[in-house]
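**Q** Construct the complete structure from the given sequences, taking the supplied hints into account.
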Amino acid sequence: MADQVSYLVFDVESVADGELVSKVRYPGQNYTPMEAIETYQDELMETKGTTFIPHTFQVPVAVVVAKVAMDFRLVDLVSLDEPEFRPHVITQHFWRGWEAYKYPTWVTFNGRSFDVPLMELAAYRFGVSLPKWFRGEGYKSPRNRFNTTAHLDLQDVLTNFGAARCNGGLNLISQMLGKPGKVDLTGEQVQQQYNDGKKKAISDYCRCDVLDTYFVFLRTRVLTGHITLDQEIELVAEGKKWIEERADDCEAYQVYLSHWSEWKNPWIVEETDAETEATADVQDVNEAGGTVDAEDQA
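Residue 697 is where the sequence shown starts when you use my numbering, and the numbers rise one by one after that.
No lab work stands behind these hints, which were simulated from the structure alone.
Check each hint, because a few of them may be wrong.
[Claimed, not checked] In silico EDC-like cross-links for lysine to aspartate or glutamate, where the CA-CA straight-line distance does not exceed 20 Å:
1) Lys894 x Asp945
2) Lys763 x Glu739
3) Lys895 x Glu780
4) Lys896 x Asp767
5) Lys836 x Glu795
6) Lys763 x Glu930
7) Lys896 x Glu947
8) Lys936 x Asp699
9) Lys936 x Asp767
10) Lys763 x Glu940
11) Lys763 x Glu734
[As the list claims (entries may be wrong)] Computed spacing ranges between beta-carbons, pair by pair:
12) Met730 x Asn840: 35 to 43 Å
13) Phe857 x Gly832: 44 to 52 Å
14) Tyr722 x Glu941: 37 to 45 Å
15) Glu940 x Thr743: 44 to 52 Å
16) Ser825 x Ala943: 36 to 44 Å
17) Ser825 x Gly874: 39 to 47 Å
18) Thr916 x Cys946: 24 to 32 Å
19) Met730 x Val774: 24 to 32 Å
20) Ala943 x Gly893: 23 to 31 Å
21) Thr924 x Asn840: 51 to 59 Å
22) Lys828 x Gln950: 36 to 44 Å
All C-beta atoms in this analysis are idealised placements derived from N, C-alpha and C, irrespective of residue type, glycine included.
**A** See below:
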């Protein structure tokens, strides 16, 4: 039972559908797909300060999924439809995989606002049926905002479902734990990477985001009392070993490990400091020719 896949930690990278942007945003202007995207990005930068096009215009070009066991161990990590990265195949594999594993919990960071709606819309676009995802009504529905057994958004966990803002996002939350966070690429650069034909680089970036999300997931399980801090430390060590064993065959893992730093455990530091102080006290008394009472040593 421990090897049963109970959680699917995932991240989506997507790009704009230039033809759709041209038809919807600029009808009758005969823009090429690339011209439409660039024009829309310029408008967004001027008005919003970002070039990121809304998810309704986008299709998935990389989806990486980490399979996690019931005891929170990392079992496997895959990039869907690699190396072809066909949006319709990625979409089908994503939802059929969830069904094949008997509906494990999706785990994301900000997935409620972006990744899941994008994958739902992709299923709509490509004609992929999702009866199990749309089953039920009210709080029992997998799509219900507060149904964390169907979808656990870690940003919601850390912000009390949006009561506060998570300034810094996954990058900040990961680096709190000594994990790499954003390394060589950001979400806004994915479109240009895709335009340049660097699909594998996008997938590699997505792999690193999923690893960050997995380690954040582990710490939230400490926060919610599902595991102890000592158990999490063991799981992190196992996860790092899993990455190291596969690093020779995956450049993304090499990059991830090169930016890895160990979490500074304050509890160990305090214990070490206390032991050092106690030893120093004993030495001071011995040098003075006295003895230390057992209760004082305690």
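**Q** Has the given pair, Lys896 with Asp767, been kept, meaning a C-alpha gap of at most 20 Å?
**A** 31 Å, violated
**Q** Could you see if the CB distance from Tyr722 to Glu941 stays within 37 to 45 Å?
**A** 50 Å, violated
**Q** Given the hint that Lys836 pairs with Glu795, does the C-alpha gap stay at or below 20 Å?
**A** Between Lys836 and Glu795 the Cα gap is close to 17 Å, so the pair holds against 20 Å.
**Q** Do the alpha carbons of Lys763 and Glu930 lie within 20 Å of each other, as the hint requires?
**A** Roughly 18 Å separates the two Cα atoms, so the pair holds.
**Q** Starting from Lys763, check that the Cα of Glu739 is at most 20 Å away, please.
**A** Since the Cα atoms of Lys763 and Glu739 sit roughly 39 Å apart, the hinted pair is violated (cutoff 20 Å).
**Q** Confirm or reject the claim that Ser825 and Gly874 have a C-beta distance inside 39 to 47 Å.
**A** 42 Å, holds
**Q** Would the hint linking Lys895 and Glu780 be met if the CA-CA limit is 20 Å?
**A** Roughly 9 Å between the alpha carbons, so the hint for Lys895 and Glu780 holds.
**Q** Is 36 to 44 Å a correct range for the gap between the Cβ atoms of Ser825 and Ala943?
**A** 39 Å, holds
**Q** Could you see if the CB distance from Glu940 to Thr743 stays within 44 to 52 Å?
**A** Roughly 45 Å apart at Cβ, these two residues keep to the hinted range, so it holds.
**Q** Is 23 to 31 Å right for how far apart the beta carbons of Ala943 and Gly893 are?
**A** 25 Å, holds
**Q** Take the C-alpha atoms of Lys936 and Asp767, compute the straight-line distance between them, and say whether it is at most 20 Å.
**A** Distance of about 16 Å is within 20 Å: holds.
**Q** Taking the beta carbons of Phe857 and Gly832, is their distance inside 44 to 52 Å?
**A** The hint (44 to 52 Å, Cβ to Cβ) is violated, given that Phe857 and Gly832 are roughly 20 Å apart.
When the structure is compared with the earlier hints, violations turn up for hints 2, 4, 11, 13, 14, 21 and for no others.
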